[in-house]
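Sequence lines, in order, name chains A and B. With the first letter of the first sequence counted as 1, position 113 gets the number 113 in our numbering; the numbers rise by one all the way through. Our numbering runs 1000 ahead of the 1-based position in the second sequence.
It is possible that some hints are incorrect.
To be verified - Simulated pairs of lysine-lysine, DSS-like, Cα-Cα distance not exceeding 30 Å:
{"hint": "1", "chain 1": "B", "residue 1": "1188", "chain 2": "B", "residue 2": "1094"}
{"hint": "2", "chain 1": "A", "residue 1": "93", "chain 2": "B", "residue 2": "1156"}
{"hint": "3", "chain 1": "B", "residue 1": "1132", "chain 2": "A", "residue 2": "93"}
{"hint": "4", "chain 1": "B", "residue 1": "1256", "chain 2": "B", "residue 2": "1132"}
{"hint": "5", "chain 1": "A", "residue 1": "108", "chain 2": "B", "residue 2": "1156"}
{"hint": "6", "chain 1": "A", "residue 1": "93", "chain 2": "A", "residue 2": "6"}
{"hint": "7", "chain 1": "A", "residue 1": "108", "chain 2": "B", "residue 2": "1188"}
{"hint": "8", "chain 1": "A", "residue 1": "93", "chain 2": "B", "residue 2": "1094"}
The hints are simulated quantities; they were obtained by calculation from the structure and are not laboratory data. Being a predicted model, the structure only gives us computed values, none of them experimental.
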Amino acid sequence: MTATQKTCLVVDDSKMIRRVASRILRDLQFDATEAGDGREAMVMCRSSMPDAILLDWNMPIMDGLSFLKSLRKEPGGDTPVVVFCTAERDVTKITEALEAGADEYVMKPFDSDILESKFAEAGLV
Amino acid sequence: MSGVLSLDPSYYEALKRLTLELAGVKLGDDHTFLVETRLSALARKEGFENLSDMIDQLFSRGQTRLAIQIVSALLERATRFFADREGFEILGDKLLPALHPLYRGGTLRILSYGCSSGQEVYSTAILCDRMKDMFPDMDVEITGVDYPSLALDRAKEGRFTHFEVQRGLPIRHLIDYFTRDGEDWVIKDSLRRRVRFADHNLLSDTQSLGTYQIVMFRGRLAQYSPTAVVRIMRHLSALTSANGYLMLGSHEELGKINFGFSAEPVAKGCYMKPAEAPLEKLVAEPVRTRSTPPVEYKDINFA
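Bound-form chain B, shown alone (with noise of 0.2 Å):
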């Protein structure tokens, strides 16, 4: 394969070091087409002749913006509507009707860190919608932050293709909340006002996002590098509020620092923060996933 690849080998291992430091993810060794694909769409909307001009500049010249841009097309992930729907049931069986009396009356937040094209907050919302006769006394506002992206440019615009909105989403919910536009499928405005997004590089301070009763951070654990793991974790543990719940993917698990979480789930993948949290232990052991093999991020999806 490599014998048709434009990008050379050294700048492949370039790109790995940038990834791992601006982002905290490990690129795997054997996608290099995939990665090539990816960088020559953003190479041609950029205007570049080529991949390996592009390249070129960021390396010579530094750029901080075209850096950005490289990392996130990198960290574009394939996700569908209610992946790991084991969670999603979590979420409509145990933590809203656990937080609805101490959010009766009020708003409840909840955020998608990392949220990608926006998958995960439109299916949230659309059972937060469904369920809204169980908590007619509750606002649920739902926020998706990721790193800026062609990805999120697609969340905020709520437009999905003819193929996204058949992977995991009903039919029943398809014309509940969508309209049809041409070839795609755009969700209906009573549903994108419920939500919203924000550009937000996932390993940097997140005072500005204030906190939340739901974490969600599902399923990614495992495509970072473990320095970046302890970093996000401190980040999800002051994004959550007190008798709030941080929702990993349901095959993931606190490691032995419990990062001001329970110690113990309360369903699989998801732990509370009690009201007043334990310290830290001072324990250098990352966050782990149970039963998966560790995914580096050659596993990811591009297609």
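This is chain A alone, in the form it adopts within the complex (with noise of 0.2 Å):
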């Protein structure tokens, strides 16, 4: 990782998501690091908080929207741009997740130039 390149944690219980995300974030020149849910996301960002992190919604353990309302109440925990990325497409659940503080909002399925673009949106890259 150089000084200036972006962190990125990526959250969700599914190992191929996360590859594949953690992929693309590398390839858009990000430091991509990985967490199984909700919990295991919380312990990494307490030890060092990401620039952005990538969040899935339904996991076990503790779920995306428990984990982002969590976050935010964290020392530092204001700073990470948070991108959810999950199946759900309701508008009431987008609603809740842009009220519990998300930034941006990833519909799965999806693909490099949508997380690109959402990204950009974000102002992170």
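Both chains are sitting in their own frames, so use the hints and assemble them into the complex.
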């Protein structure tokens, strides 16, 4: 990782999704790390707050929305740009995510173009 | 790749000529597979057994309607919401404020010339809606025109796929201006009321379209032949009202012919048409792009 390289934590219970998303993010020059659920992600954030978080909604142990609400209360937890990345497509759910502090929202399935576009919207690329 | 293609190479050459003659667009040499994919879809829709049957019929009977459909399918271009974002910043930060004093109490007309599936039109409508409190006394009417095509049909319907709405469109705009309909997202009526679409051959006479204060023709010039560029620029000039603006792509610029527009851009890719337009210089140099290599049709994303 270089001094100027941005960090992104990919939080998803699907190993395949984490792998695909991390590869895309590395192509976008991010230093990507991975967590399998909200609790693991919280431990990692407390250790080192990333610049961005790509966050799934439905996960075991701690879901994405609970994680996001907790994250925003943590010291420095207001700084990461959080992009939800989920199969949830209801406007109600999207609104709920934005009200909880999400900056952008990706609906699965996604491709590299969409991820890049959303990260650009969030001012990350 | 050519081994799996069904289209005879001579047909491909004939299609290239047809596209150049009808639309002034240069097809690239190395995207026969993508061209075949598009036309195969059209052949199925039109009830032909296969693509070769459709092309046989086109060249043996010379059907105008079929020729237009084929060329339209070939010209369909992939686009996205708020494409070339710098242009939208210029529109919001410079052009609308500059035109507001002139159109206070009236209607400002914006034209997207070659609107494809409508993302540019709807992006403009969204921008204007976001800025309506700054210009409460000015209505904005946005029109999109293009060759009749499936893309234009989709634009008229205001229906976009899950993938399309995620390219360039901030999530807050999605929930503010679209409703979900199954797998698709559809423009809300409140926004749709601000826009209209019309079939129009971009090389044909524009008199029936009227004039507009802002004419958008962004990122398209390089795909046209030099002759077609001159024709299109004359049309764009006729479509732009006095004191109005032409918006090319932010990487595009006018060449030595200014077609009645200011010689120098007021912002990147953006030219004003003075109230008393100076005479066109009679130097036959086409409009050119700056800093980017010429884009042939092969560079257009067919996906």
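Earlier hints that do not hold, by number: When the structure is compared with the hints, numbers 4 and 8 turn out to be violated.
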